[in-house]
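Each chain is listed here by its residues.
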Amino acid sequence: MRATVVTITSGKGGVGKTTITANLSVALAMLGQRVIAIDTDIGLRNLDVVMGLENRIVYDLVDVVEGRCRLRQALIRDKRLSELFLLPAAQTRDKSAVNPEQMVRLCDQLRPEFDYVMIDSPAGIEQGYRNAVAPSDRVLIITTPEVSAVRDADRIVGLVEAGEKGPPKLIINRLNPAMVRREQMLSTADVVEILAIDLIGVVPEDPAVIVSTNRGSPVALDGRSPSGQAFRNIAGRLMGKDIPIMPIKESANVLERLSRLVRG
Amino acid sequence: MTELVTIRGTSEGLIITLGPGSFDTVVGDMEERLAARASFFRGGRVALRVGDRSMSVDQLQTIGAILERLGMTLWAVDGDHPATHVAARELELEVDLRPSAPPTTATSEPIPLEEMAGIVVRRTLRSGQAVHYPGHVTLIGDVNPGAEIVAGGDIIVWGRLRGNAHAGAMGDEQAVICALQMQPNQIRIGSHIARPPDRAWRPKTPEKASVQDGGIVVERWKKSES
Chain C
1 MRATVVTITS GKGGVGKTTI TANLSVALAM LGQRVIAIDT DIGLRNLDVV
51 MGLENRIVYD LVDVVEGRCR LRQALIRDKR LSELFLLPAA QTRDKSAVNP
101 EQMVRLCDQL RPEFDYVMID SPAGIEQGYR NAVAPSDRVL IITTPEVSAV
151 RDADRIVGLV EAGEKGPPKL IINRLNPAMV RREQMLSTAD VVEILAIDLI
201 GVVPEDPAVI VSTNRGSPVA LDGRSPSGQA FRNIAGRLMG KDIPIMPIKE
251 SANVLERLSR LVRG
Chain S
1 MTELVTIRGT SEGLIITLGP GSFDTVVGDM EERLAARASF FRGGRVALRV
51 GDRSMSVDQL QTIGAILERL GMTLWAVDGD HPATHVAARE LELEVDLRPS
101 APPTTATSEP IPLEEMAGIV VRRTLRSGQA VHYPGHVTLI GDVNPGAEIV
151 AGGDIIVWGR LRGNAHAGAM GDEQAVICAL QMQPNQIRIG SHIARPPDRA
201 WRPKTPEKAS VQDGGIVVER WKKSES
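Residue numbers (my numbering), protein chains in the order written: chain C, 1 to 264; chain S, 1 to 226.
One thing to keep in mind: the hints can contain errors.
Unchecked claim - Derived DMTMM-like pairs: lysine to aspartate or glutamate, alpha-carbon spacing no greater than 25 Å straight-line:
hint: 1; chain 1: S; residue 1: K204; chain 2: C; residue 2: E193
hint: 2; chain 1: S; residue 1: K204; chain 2: C; residue 2: D137
hint: 3; chain 1: S; residue 1: K208; chain 2: S; residue 2: D198
hint: 4; chain 1: C; residue 1: K249; chain 2: C; residue 2: E161
hint: 5; chain 1: C; residue 1: K241; chain 2: C; residue 2: D222
hint: 6; chain 1: S; residue 1: K222; chain 2: S; residue 2: E207
hint: 7; chain 1: C; residue 1: K169; chain 2: C; residue 2: D94
hint: 8; chain 1: C; residue 1: K169; chain 2: C; residue 2: E193
hint: 9; chain 1: S; residue 1: K208; chain 2: S; residue 2: D80
hint: 10; chain 1: S; residue 1: K208; chain 2: C; residue 2: D222
hint: 11; chain 1: C; residue 1: K249; chain 2: C; residue 2: E183
hint: 12; chain 1: S; residue 1: K204; chain 2: C; residue 2: E183
Source of the hints: derived by calculation from the structure; they are not laboratory data.
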């Protein structure tokens, strides 16, 4: 198996990188892929919590890089899916503990053993980001439909394009169709117009995500939630399947437009 | 206000004219102005105009060192005083600027916009990216929010201007900013600055921004425009 290394990044913090990394990893494993998720947010690790594996951490990424353990010893098998693994970040160090070359070497060691290596990038454009992007074959950029998030995403797209990693793809997270219809939120078209990269998926705003994060049970496992469905679709598209993007009703119907006119 | 130092861009590089005043004050002002726009000028050749000021080898070397630190090279010194000629020759600097240069005066005339060099950039500028150039800039693409163009001359955006644009950045108030879709974050011409109206809007036609009556005015591109 030669893995595809996918880095999930955004620039802006809090837009859903960790949630999406966890859920895409789960969804790919549900599709029969052998997956390892790596948390590179050293010092502010979260991927372990979102996946519900925080009690099982013995060794972490920094231990591996500094030679205190073998790579295999630091991998944590998921409690639900046997083909899904996690390499957690360290919590007591910071992003200077690892450099991009070490990340590339680490991923080269993992490539033969997995189908997908999913790297959760920290926010920002400094060392942490550079560590996360260095080994990647593909980059997924996450944004929410908010002006500030899109601004940061644009900066990251510029950096990825300049770094010759191939064109990144976009995931719009936390879209609220009702707010878009009321013109209180940017639409998918607005975001894509500014960022001008291919869209690989749109995840709707879903309260089930917060519940799942707190419980450590990624929502992609839940057959009923709309966000879970979106994550599974994105995983399919990542594997090359042709899954049309769910039409999220973003334009107002006649009644809504009339009432908006009257309100003025 | 008579400026101590004027800085003009030409197709052959920069012409820095030293005005009247003590050497230290004038050179200090020059250094400050250049450092404020360092990325703009980096890599450029500089011709120095000093009028009838008498310059010594030490003084020319001081100026040369300042310029080098900012990534520029002094190639010529134009002055009337014989001592200036001697000092320049000793440092192997040219003493005659090209014939196309205007006559030597203590204060220089502005290089007309029509004679400024220009570049064409064929890509979209993303947030955090910038184009700085001492002449005109034409960009075929968009300028995204968070991106900027700073030009000594005009700025033409054949696309959507959504970021920042500063035309006439070296003090030329005659410069203009044109865009197919003028939706900037902020525009500046010379020392004037303007921001768009608070209500969101989408321009329907290409527009041109220029300084009129002491402020920036944005006008639709009309068919009768000459």
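ask   = Under the criterion that the straight-line Cα-Cα distance not exceed 25 Å, is the pair K169 of chain C, D94 of chain C satisfied?
value = violated, 28 Å
Distance restraint between K204 of chain S and D137 of chain C, which requires alpha-carbon spacing of 25 Å or less = Not OK: K204 of chain S and D137 of chain C at ~41 Å, beyond 25 Å, violated.
query = Is K241 of chain C close enough to D222 of chain C, meaning Cα to Cα at most 25 Å?
reply = Cα-Cα ~21 Å, so holds.
ask   = Is it true that the CA of K169 of chain C sits at most 25 Å from the CA of E193 of chain C?
value = Since the Cα atoms of K169 of chain C and E193 of chain C sit roughly 14 Å apart, the hinted pair holds (cutoff 25 Å).
ask   = Between K208 of chain S and D198 of chain S, does the CA-CA distance stay at or below 25 Å?
value = Satisfied, since the Cα-Cα distance of roughly 19 Å is no more than 25 Å.
inquiry  = Check the hint pairing K204 of chain S with E183 of chain C against an upper bound of 25 Å on the C-alpha distance.
reply    = Measuring from Cα to Cα gives roughly 20 Å; hence the hint holds.
query = Are the Cα atoms of K249 of chain C and E183 of chain C separated by 25 Å or less?
reply = Roughly 13 Å separates the two Cα atoms, so the pair holds.
message = With the threshold set at 25 Å, check whether the alpha-carbon distance from K249 of chain C to E161 of chain C stays at or below it.
response = Not OK: K249 of chain C and E161 of chain C at ~32 Å, beyond 25 Å, violated.
message = K208 of chain S and D222 of chain C were given as a pair; does the straight-line alpha-carbon distance stay at or below 25 Å?
response = violated, 54 Å
query = Holds or violated: K204 of chain S with E193 of chain C, Cα cutoff 25 Å?
reply = Holds, at roughly 17 Å.
request  = Would you mind confirming whether the straight-line C-alpha gap from K222 of chain S to E207 of chain S stays at or under 25 Å?
outcome  = Holds, at about 9 Å.
ask   = Is K208 of chain S within 25 Å of D80 of chain S, Cα to Cα?
value = violated, 42 Å
Violated hints for the displayed structure, listed by number in ascending order: 2, 4, 7, 9, 10.
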